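Assemble chain B onto chain A, guided by the hints.
Spelled out from the first residue to the last, the chains are:
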Amino acid sequence: MWAVARAVGLSPTDAADAVQGAWLRLVEHYDRIRDPDRLGAWLVTTTRHEAIRLSKRAGAERPSELPDLLDPTEPDPSAVVVDAEYGRAAWARLDALKEPCRSLLRLFALNPDIRYSHVSTHLNMPMGSIGPTRARCEKHLRALLEESE
Amino acid sequence: MTSSSDETSPAEPRPWPKGDGEEITYLLAAMRLAAGSDPVPGRVDADARAVFDLRLPGSITATPVDVVAAAGVRSGAEPQLHRFTTDELTVDVEMSISDGRLEVAGQVSPAPEPDAWVEVRTPHISKVRVPSPDGHFAATGLPPGWVSVVYHRPEQAPVATRWLRVRA
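These protein sequence lines map, in sequence, to chains A and B. Per the working numbering, residue 1 is the first one in the first sequence, and the count goes up by one each step. Per the working numbering, residue 150 is the first one in the second sequence, and the count goes up by one each step.
Next up, chain A with everything else stripped away, as it sits in the complex (with noise of 0.2 Å):
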């Protein structure tokens, strides 16, 4: 769920309440959880909706987008690719990737927090061209990771 929340950009105290959210959400709909067995895949994906709404907010709370998810039928994909099983694989194919995108996702997979313009310095890369760089790098790994399933 930390993964998750993390995932979606927050900060350390947002992706906090982001999780803690998924858990009380969980204490609201108590009465009503029908399959245990999914309660896991609920709560990541409770997080994830609660980490996309808090990222989103702006200061106030709009309580109409509140998520209402019961049952969701649909296996969300976080709940699969979160895992460290899969990390470790993706480091295993990292070194694989060319430059700058072995570096770049080096350095974003160990310092979570790690500022763009830190990331421009570092890498000697233009600020606006790291989040394009990084969603491609991350396409080129997951391809990667695909052909060797």
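Hint data in this document are derived by calculation from the structure and do not stem from the laboratory. Because the structure is a prediction, the values reported are computed rather than measured. For each residue, glycine too, the CB sits at the ideal point set by N, CA and C. Do not take every clue at face value.
[As the list claims (entries may be wrong)] Capping the alpha-carbon separation at 25 Å, the derived lysine to any residue pairs in SDA-like fashion look like this:
id, chain 1, residue 1, chain 2, residue 2
1, A, K56, B, G249
2, A, K139, B, G185
3, A, K139, A, S129
4, A, K139, B, A184
5, B, K276, B, S245
6, B, K276, B, E252
7, A, K56, B, S258
8, A, K56, B, S247
9, A, K56, B, E227
10, A, K98, A, K139
11, A, K56, B, P228
12, B, K276, B, G294
13, A, K56, B, S245
14, A, K56, A, R88
15, A, K56, B, I246
16, B, K276, B, S258
17, A, K56, B, E252
18, A, K98, A, R88
19, B, K276, B, E227
20, A, K139, A, P100
21, A, K56, A, V27
22, A, K139, B, A183
[To be verified] So, partial list: chain B residues that the calculated Cβ filter (under 8 Å) puts toward chain A:
id, residue
23, R181
24, L182
25, S186
26, I274
27, G294
28, R311
29, R314
For chain B alone, kept in the frame of chain A given last:
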């Protein structure tokens, strides 16, 4: 009931989150998990455990409705106004942060019965208030974060607002 959790068999391509790769970096999240580079703070687990004491079996959830005045509120220094309703009652809540502490003022309507009481809850601290005859109540000095108001009435199920997060 059927579960859809096993629809993703190992033989199928994984359902990568498409289109949101730049904002939601699950790949990096998995790499951080593997590297232990973003450990879960201890208080996150402690907070999760604390939450289970907040269960209210049999309670009625008051759902939020948009309050027009709240729509334009964007500064953390100004109060947030929220209205929660059930079929039979309304709970209006105004929340603000003052000197780093959460202040809650509100009103239940229709006017409360004499033995009714209100509980302003955060995950770690709750305060009990007896509403005034016209339903007003207030609590101060609470930690910012998640908050819910529970309205207890004699011989009736408690009514709890959905949890809201309030920070400066």
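Results for each hint:
no., hint, result
1, K56(A) / G249(B), "holds, 22 Å"
2, K139(A) / G185(B), "holds, 22 Å"
3, K139(A) / S129(A), "holds, 15 Å"
4, K139(A) / A184(B), "holds, 20 Å"
5, K276(B) / S245(B), "holds, 16 Å"
6, K276(B) / E252(B), "holds, 11 Å"
7, K56(A) / S258(B), "violated, 32 Å"
8, K56(A) / S247(B), "holds, 23 Å"
9, K56(A) / E227(B), "holds, 18 Å"
10, K98(A) / K139(A), "holds, 13 Å"
11, K56(A) / P228(B), "holds, 19 Å"
12, K276(B) / G294(B), "holds, 15 Å"
13, K56(A) / S245(B), "holds, 19 Å"
14, K56(A) / R88(A), "violated, 31 Å"
15, K56(A) / I246(B), "holds, 20 Å"
16, K276(B) / S258(B), "holds, 20 Å"
17, K56(A) / E252(B), "holds, 23 Å"
18, K98(A) / R88(A), "holds, 19 Å"
19, K276(B) / E227(B), "holds, 22 Å"
20, K139(A) / P100(A), "holds, 14 Å"
21, K56(A) / V27(A), "holds, 24 Å"
22, K139(A) / A183(B), "holds, 19 Å"
23, R181, "holds, 6 Å"
24, L182, "holds, 4 Å"
25, S186, "holds, 5 Å"
26, I274, "violated, 14 Å"
27, G294, "holds, 6 Å"
28, R311, "holds, 6 Å"
29, R314, "holds, 6 Å"
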